[in-house]
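Trainee: Protein chains in written order, with my numbering: chain F, 3 to 323; chain Z, 922 to 1299.
Fair warning: there could be bad hints in the mix.
Claimed, not checked - 20 Å max Cα-Cα, derived SDA-like pairs, lysine to any residue: (1) Z/992 <-> Z/1061; (2) F/123 <-> Z/927; (3) F/302 <-> F/238; (4) F/92 <-> Z/1143; (5) F/123 <-> Z/931; (6) F/122 <-> Z/992; (7) F/92 <-> Z/1297; (8) F/215 <-> F/245; (9) F/123 <-> Z/992; (10) F/122 <-> Z/1176; (11) F/92 <-> F/105; (12) F/92 <-> Z/1061; (13) F/153 <-> Z/941; (14) F/122 <-> Z/928; (15) F/92 <-> Z/992.
Unchecked claim - Listing some non-contacts, in silico: residues in chain Z with all C-beta distances to chain F over 12 Å: (16) 941; (17) 944; (18) 984; (19) 1003; (20) 1036; (21) 1090; (22) 1136; (23) 1148; (24) 1162; (25) 1240.
Just so you know, the hints here were simulated from the structure itself, not pulled from any lab data. Treat the numbers as computed from the prediction; the structure is a model and nothing was measured. Just so you know, even glycine gets a beta-carbon here, dropped at the ideal spot from N, CA and C.
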Amino acid sequence: MSQTHRAEPAEDAPLVIDVHGLTKSFGATTVVDGIDMQVREGEIYGFLGPNGSGKTTTIRMLCGLLTPDAGSGTCLGHDIITESGRIKLKVGYMTQRFSLYEDLSIRENLAFVASIYGLKKPRQAVRETLEKLGLETRANQLAGALSGGWKQRLALAAAIMHQPKLLLLDEPTAGVDPKARREFWDEIHQLADNGLTVLVSTHYMDEAERCHKICYLAYGKLLARGTVNEVIRQSGLVTWLVSGNSQRRINRLARDLAGRSGVEMVAPFGATLHVSGANDNALQNAISPFRGDADLAWRKVEPTLEDVFIHMMQSASDNFG
Amino acid sequence: MTARFSLFRLGAMIRKEFIQMRRDRLTFAMMIGVPVMQLVLFGYAINSDPKHLPTAIFAQDHSVFTRSIVKGMENSDYFDVVALPETAEEADDLIRTGEVQFVLQIPPDFSRELQRGQRPELLLDADATDPAATGNAVNGIQLLAAQVLNRDFEGPLATLKPRPDPVNLIVHRRYNAEGRTELNIVPGLIGVILTMTMIIFTALAMTRETERGTMENLLTMPVRPFEVMLGKILPYIIIGYIQTAVVLAAAYWLFEVPMTGSLGLLSFVLFFFVAANLAVGFTFSTLARNQLQAVQMTIFFFLPSILLSGFMFPFRGMPVWAQWIGEVLPLTHFLRIVRGILLKGNGMTEIAPDLLALLAFLTAVSIISLNRYRQTLD
């Protein structure tokens, strides 16, 4: 995707989130298992992982909605266990599900948030937010009547009204169309440029690539972290891109390769095939019988983030699942 | 740092609650509809002293005495003579099919035996499946038999006249001389209506936040549990006063309930009673996972309240264990207070024990609910 690369925050920027060994269980299941996480000021930190991997639970522990069973740390310099009251004042949290009042109008919702945070000039804050959203003319509509994209924009506006230092976004763009998604991310980058730290969970690879740093969570464990390139490199995954002269040839190759030792993933991308494995030699051995085929062109490429994530998901399910 | 308590935040909560209340048509209709419906049903439809009950007279003796008895029964409000069966089977049929409530049997030799002073038997068959429906009528006929025949005992029969009781017993029915059921029911309705609606409203208002996911947002904001609780309770206290005003107005103008005592004192007590019910609703909302469960819990509380408080059945008629349960319920104490103030003209001194009981209940439930309210999603 075309993206505007913005300056990454300095490596010595102060830590906004600094937690160690965060653990949370519900009954017998450990949902989050000993997570360490450091996020620097001004960073956009992507939080990735399959459904049920513990992303939402981790975010909730960071803003004091859940008490960790074990672990410690600080958020904006305040202890996450004993000072959640202080953290709440400086954090904006946008929940996965729309959690403003659907039976209140847009204006009433914003006014409620402004008063609860005790903003000095609540009316002015509401007016400015409405202007920024471009919703002045629809301010008296019920929030429940808004489309998904508008609900998301309203929720974001409400979450940053009190000018938080840290923004927690839990799958903010689920069910939102691509244009609205693009605009949403442009705004996130703008906010980060002004010094706001953003932690955002997502399923979308293009969104992950727009983050300064990412981490990958599966089965409650943190499996990888760093910049996108670092995560790809650390994975040790080797990927071959195969193109063929016919779709049928490619399809047959996919069937032949699947399940061979050394081949971990065979993923079709249109008329090409991504063949990946963690062990370079084993993968070479597995594909060598097909290398000589004149109908196929083989090329070693950098794995995509998606390849890496699917690889991590599979090996995680082998280890912990 | 967030202040421990902020009137500003409380104001925001209350404003929000009022807006939501206004938009929720069904709840709004319930606030006014429930009192009006209960007033009409309980005030006009319920009567624990039914009159004009259908009666059959199976007379095997047609004498002046029989005619006097029939006449006397018809003149009393309790009996309407609707059938004169010829045979015992016919009379039995009438009572079995429920066509009549009573069958009075006058035996063949009634007048002869009466004149001989042999104390003949008069048999009143009553359909006593519902004791409340027959009780007063049965008491009535005992007096009636003696009175109507009295007039016929003249001349040689004068010796049959019943002798007067050695004691002249005077019954003085205070506070409700005519024994009108409405005087008991309608003031009590204030308590019943408030118990029903107040608990349901708060329980729903809170569980709705959880169910719709807005609770998560509310919890991330710097609003205190006490502010949330008060913000949910105060608007409904106002609604409670409006409902009470509706019932009191109806009580005064439609049912002619006397307002003997101080309405100011009643309003004062009302505050604590409404708050006690709201605290119960709030507690339920911290236990219920969804709105349906909240409604179910409300029914569990409402049922003993209406049955054991003395609203429907005499409190002193209940076994001791039931009275103890009744003593715990706020409605029991409120009923005594509201009937005391309106009918008996009670003042602070007389209602103090019940008011204290209400306060104790309110305090206990508030503590439970504040402890149950979680500031986290744990």
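Trainee: Taking 12 Å as the cut and beta carbons as the points, is residue 1240 of chain Z off the interface with chain F?
Mentor: 43 Å, holds
Trainee: Does the alpha-carbon distance linking residue 92 of chain F and residue 1297 of chain Z stay inside the 20 Å limit?
Mentor: 17 Å, holds
Trainee: Looking at residue 984 of chain Z again, its CB stays over 12 Å from all of chain F?
Mentor: 78 Å, holds
Trainee: Using Cβ atoms and 12 Å as the threshold, tell me whether residue 1036 of chain Z really stays out of contact range of chain F.
Mentor: 83 Å, holds
Trainee: Would the pair residue 302 of chain F and residue 238 of chain F pass a check requiring their Cα atoms to be no farther apart than 20 Å?
Mentor: OK: residue 302 of chain F and residue 238 of chain F at ~13 Å, within 20 Å.
Trainee: Confirm or reject: residue 941 of chain Z is not an interface residue toward chain F, with every Cβ-Cβ distance exceeding 12 Å.
Mentor: 5 Å, violated
Trainee: Test the statement that residue 1003 of chain Z is away from the interface with chain F: the closest C-beta pair must be farther apart than 12 Å.
Mentor: Given that every Cβ of chain F is farther than 12 Å from that of residue 1003 of chain Z, nearest at about 58 Å, it holds.
Trainee: Would the least Cβ to Cβ distance between residue 944 of chain Z and chain F come out above 12 Å?
Mentor: 5 Å, violated
Trainee: When you check the alpha-carbon spacing of residue 122 of chain F and residue 928 of chain Z, does it fall within 20 Å?
Mentor: 14 Å, holds
Trainee: Is the Cα-Cα distance between residue 123 of chain F and residue 931 of chain Z 20 Å or less?
Mentor: 17 Å, holds
Trainee: Decide, holds or violated, for the assertion that all CB atoms of chain F are farther than 12 Å from the CB of residue 1162 of chain Z.
Mentor: It holds; residue 1162 of chain Z is separated from chain F by about 24 Å at its closest Cβ, greater than 12 Å.
Trainee: For the pair supplied as a hint, residue 92 of chain F and residue 992 of chain Z, confirm whether the alpha-carbon distance does not exceed 20 Å.
Mentor: 89 Å, violated
The structure shown violates the earlier hints numbered 6, 8, 9, 10, 11, 12, 15, 16, 17, 22, 23.
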